[in-house]
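Chemist: Spelled out, the chains give:
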Amino acid sequence: MMTRPQRRPPVASALALLIAAAVGTGCTPSASGSVAPGTPAGGGTKDGAAPVGTQEGDTVPELEKRLERLTGEQEARMADALADTKACHDLCSLSASICEVQVKLCDIADRHPQESSYQDLCREGQQECREAQASCEACVDEHQGDAVRAE
Amino acid sequence: MTRSFFTGERLLVPLVSVLVVVTGCDDGSASSDAEVRNADAHASSVGSAVKPDGTLKTHEIVPSTPTAEGLAYIEAVADVLRSADGQDGEARIATLRRGMALQVPADLPEAEILRLQLATRIAEAQLQADPTAARDQLAPMLDPKRSIPLDRASAQALIVLGDAATRTGDDALAAGAYARSIRMMSILREELE
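Protein sequences appear in the order of chains A and Z.
Counting along the first sequence from 1, when you hit position 131 you're at 131 in our numbering, and nothing is skipped either side.
Counting along the second sequence from 1, when you hit position 81 you're at 81 in our numbering, and nothing is skipped either side.
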């Protein structure tokens with residue numbers, strides 16, 4: 001049976017991380033506020049340029065508010081990932097069924113080698129099977145790519 | 001993709017075959033093996049006479065606003081399907097037939113899919129012992145001239161019809177049903193992409 005490592009509650013972890021980051025950088029109070037994601041890199045104060053972006057603050061209420069926002073974003077991304085997984089599962093399940101039925105169809109066509117109506121349906125089934133397999137593989141590949149990027 | 005059969009149904013076929021041998025009965029309809037053999041002979045003799053019909057007409061089932069009657073019907077069908085899951089053979093078929101006999105309320109387009117699922121389950125239960133009955137159960141509901149719901153349930157019904165037709169030696173019906181099920185599933189796949 002798999003055991004999960006014990007984890008700190010997400011709120012406590014996030015707060016600890018943010019506080020540690022603020023302390024670790026030794027920033028002055030005016031510069032310690034976090035900047036919203038999307039801020040251009042290199043906007044530090046070394047060259048005298050002012051930070052770009054919205055100051056989110058580092059007080060507990062501000063951090064809690066930020067944590068709430070990030071938690072919401074994480075949930076939305078999880079939901080998107082789950083929807084993608086289900087879509088892939090459905091695509092691959094349909095692909096398996098299409099190819100399974102195509103084999104039955106072509107078995108029947110083999111009994112009617114001189115009849116084009118059977119042969120045409122068999123060829124169409126083989127084509128649909130190939131396309132379905134390709135779309136399943138593409139979905140899985142794309143999903144694996146997403147997972148690697150997320151890591 | 002056909003549903004696997006319960007052990008009791010798998011046992012029914014050899015049991016019936018033994019009874020046929022013991023009684024000296026040569027009625028092909030009593031044995032699935034005999035059905036398949038007869039089917040092959042039938043197919044080779046008339047197979048080239050009829051062409052498979054892969055025509056597929058579909059319509060989308062738009063979810064309806066739930067009414068009390070509609071919900072009651074859906075729950076009743078769900079009860080029937082649950083009960084049938086715990087039964088074998090004739091008892092299962094009888095239960096599913098009770099589901100088919102339920103009065104369909106007005107303005108419940110989803111009922112078409114539910115009835116197709118019930119008919120498919122009946123045909124699946126009949127497939128081994130009586131493929132002709134299975135075919136006759138589904139063929140009218142899935143006639144190529146009729147539009148059928150664009151749904152995975154329709155695709156499954158077409159596959160079971162194809163399996164039943166294969167067992168009865170109707171290659172044209174089987175090939176048409178399989179081809180239509182592939183087309184249905186391809187449409188569903190394209191919708192997912």
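Rather than coming from a laboratory, the hints here were simulated on the basis of the structure.
Among the hints, erroneous ones may be present.
As the list claims (entries may be wrong) - Listed below are the simulated SDA-like cross-link pairs for lysine to any residue, each with C-alpha atoms no more than 20 Å apart in a straight line: (1) A:LYS86 - Z:GLU193; (2) A:LYS86 - A:ASP120; (3) A:LYS86 - Z:PRO144; (4) A:LYS86 - A:GLU124; (5) Z:LYS51 - A:LYS65; (6) A:LYS86 - Z:ALA139; (7) Z:LYS51 - A:GLU124; (8) Z:LYS51 - A:GLN119; (9) Z:LYS57 - Z:ALA133; (10) Z:LYS145 - Z:SER64; (11) Z:LYS51 - A:ASP120; (12) Z:LYS51 - A:LYS86; (13) Z:LYS51 - A:GLU115; (14) Z:LYS57 - A:GLU115; (15) Z:LYS51 - Z:PRO144; (16) A:LYS86 - Z:GLU190; (17) Z:LYS57 - A:SER117; (18) A:LYS65 - A:ALA76; (19) Z:LYS51 - A:SER135; (20) Z:LYS57 - Z:THR132; (21) Z:LYS51 - Z:ASP107; (22) Z:LYS57 - Z:ALA129; (23) A:LYS86 - A:ALA134; (24) Z:LYS57 - Z:MET100; (25) Z:LYS57 - Z:ARG97; (26) A:LYS86 - Z:ARG115; (27) Z:LYS145 - Z:ASP79; (28) Z:LYS51 - A:GLN74; (29) Z:LYS145 - Z:ILE61; (30) A:LYS65 - A:ASP84; (31) Z:LYS145 - Z:GLU190; (32) Z:LYS57 - Z:ILE187; (33) A:LYS86 - Z:LYS57; (34) Z:LYS51 - A:GLU68; (35) A:LYS86 - A:VAL103; (36) Z:LYS57 - Z:PRO149; (37) Z:LYS51 - A:ASP110; (38) Z:LYS51 - A:HIS143.
Given the structure is predicted, the values throughout are model-derived calculations rather than measurements.
Chemist: Look at each hint and say if it fits the structure.
Modeler: How the hints compare with the structure:
Restraint check for LYS86 (chain A) and GLU193 (chain Z): satisfied, since their Cα atoms lie roughly 12 Å apart, inside the 20 Å limit. For the hint pairing LYS86 (chain A) with ASP120 (chain A), the CA-to-CA distance comes to about 33 Å; that exceeds 20 Å, so the pair is violated. Between LYS86 (chain A) and PRO144 (chain Z) the CA atoms are separated by roughly 31 Å; this puts the pair beyond 20 Å, and the hint is violated. Between LYS86 (chain A) and GLU124 (chain A), the direct Cα distance comes to roughly 27 Å. Violation of the 20 Å bound is thereby established for this hinted pair.
Using a Cα cut-off of 20 Å, the hinted pair LYS51 (chain Z) and LYS65 (chain A) is violated, with the two alpha carbons roughly 69 Å apart. Proposed proximity of LYS86 (chain A) and ALA139 (chain Z) is contradicted: the alpha carbons are some 32 Å apart, above 20 Å. Of the pairs offered as hints, the one joining LYS51 (chain Z) and GLU124 (chain A) holds, with about 16 Å between alpha carbons and a cut-off of 20 Å not exceeded. The hinted pair formed by LYS51 (chain Z) and GLN119 (chain A) meets the criterion: a straight-line CA distance of about 11 Å does not exceed 20 Å.
Proposed proximity of LYS57 (chain Z) and ALA133 (chain Z) is contradicted: the alpha carbons are some 24 Å apart, above 20 Å. For the proposed pair LYS145 (chain Z) and SER64 (chain Z), the alpha carbon gap of about 25 Å is over 20 Å, so the pair is violated. For the proposed pair LYS51 (chain Z) and ASP120 (chain A), the alpha carbon gap of about 11 Å is at most 20 Å, so the pair holds. A C-alpha spacing of about 38 Å is found between LYS51 (chain Z) and LYS86 (chain A), which places the hinted pair above 20 Å, so the restraint is violated.
Of the supplied pair hints, the one linking LYS51 (chain Z) and GLU115 (chain A) holds, its CA atoms being roughly 9 Å apart against a limit of 20 Å. Note on LYS57 (chain Z) and GLU115 (chain A): the hinted pairing is violated, with a Cα-Cα distance of about 24 Å set against a maximum of 20 Å. Among the hinted pairs, LYS51 (chain Z) with PRO144 (chain Z) is consistent with the structure: their alpha-carbon atoms are about 13 Å apart, no more than 20 Å. Distance hint between LYS86 (chain A) and GLU190 (chain Z) is fulfilled; the C-alpha atoms sit about 15 Å from each other, no more than 20 Å.
Restraint check: the Cα-Cα separation between LYS57 (chain Z) and SER117 (chain A) comes to about 19 Å, which is no more than 20 Å; the hinted pair holds. Pair hint LYS65 (chain A) plus ALA76 (chain A) holds up; C-alpha atoms about 17 Å apart against a cutoff of 20 Å. Pair hint LYS51 (chain Z) plus SER135 (chain A) does not hold up; C-alpha atoms about 31 Å apart against a cutoff of 20 Å. As the CA atoms of LYS57 (chain Z) and THR132 (chain Z) are separated by approximately 25 Å, the hinted pair breaks the 20 Å bound.
Between the alpha carbons of LYS51 (chain Z) and ASP107 (chain Z) the distance comes to roughly 37 Å, so the proposed pair goes past 20 Å and is violated. Straight-line distance between C-alpha atoms of LYS57 (chain Z) and ALA129 (chain Z) comes to about 31 Å, which puts the hinted pair past the 20 Å bound. Between LYS86 (chain A) and ALA134 (chain A) the alpha-carbon distance is near 17 Å, which keeps this suggested pair within the 20 Å criterion. Between LYS57 (chain Z) and MET100 (chain Z), the direct Cα distance comes to roughly 23 Å. Violation of the 20 Å bound is thereby established for this hinted pair.
Proposed proximity of LYS57 (chain Z) and ARG97 (chain Z) is contradicted: the alpha carbons are some 26 Å apart, above 20 Å. Pair hint LYS86 (chain A) plus ARG115 (chain Z) does not hold up; C-alpha atoms about 26 Å apart against a cutoff of 20 Å. The straight-line distance between the Cα atoms of LYS145 (chain Z) and ASP79 (chain Z) is roughly 32 Å, outside the 20 Å bound, and the hint therefore fails. The straight-line distance between the Cα atoms of LYS51 (chain Z) and GLN74 (chain A) is roughly 56 Å, outside the 20 Å bound, and the hint therefore fails.
Of the supplied pair hints, the one linking LYS145 (chain Z) and ILE61 (chain Z) holds, its CA atoms being roughly 18 Å apart against a limit of 20 Å. Taking the CA atoms of LYS65 (chain A) and ASP84 (chain A), the gap is about 29 Å. The hint is violated against a cut of 20 Å. Between the alpha carbons of LYS145 (chain Z) and GLU190 (chain Z) the distance comes to roughly 24 Å, so the proposed pair goes past 20 Å and is violated. Of the pairs offered as hints, the one joining LYS57 (chain Z) and ILE187 (chain Z) holds, with about 12 Å between alpha carbons and a cut-off of 20 Å not exceeded.
For the hint linking LYS86 (chain A) to LYS57 (chain Z), the alpha-carbon distance of about 27 Å lies beyond 20 Å, and the restraint is violated. Only pairs whose Cα atoms come within 20 Å are accepted, and LYS51 (chain Z) paired with GLU68 (chain A) is rejected, the gap being roughly 64 Å. For the hint linking LYS86 (chain A) to VAL103 (chain A), the alpha-carbon distance of about 26 Å lies beyond 20 Å, and the restraint is violated. A distance of roughly 9 Å separates the Cα atoms of LYS57 (chain Z) and PRO149 (chain Z); the hinted pair therefore holds under the 20 Å criterion.
Taking the CA atoms of LYS51 (chain Z) and ASP110 (chain A), the gap is about 14 Å. The hint holds against a cut of 20 Å. Annotation: proposed proximity of LYS51 (chain Z) to HIS143 (chain A) is violated, straight-line Cα distance about 43 Å (limit 20 Å).
In summary, the numbered hints that this structure violates are 2, 3, 4, 5, 6, 9, 10, 12, 14, 19, 20, 21, 22, 24, 25, 26, 27, 28, 30, 31, 33, 34, 35 and 38.
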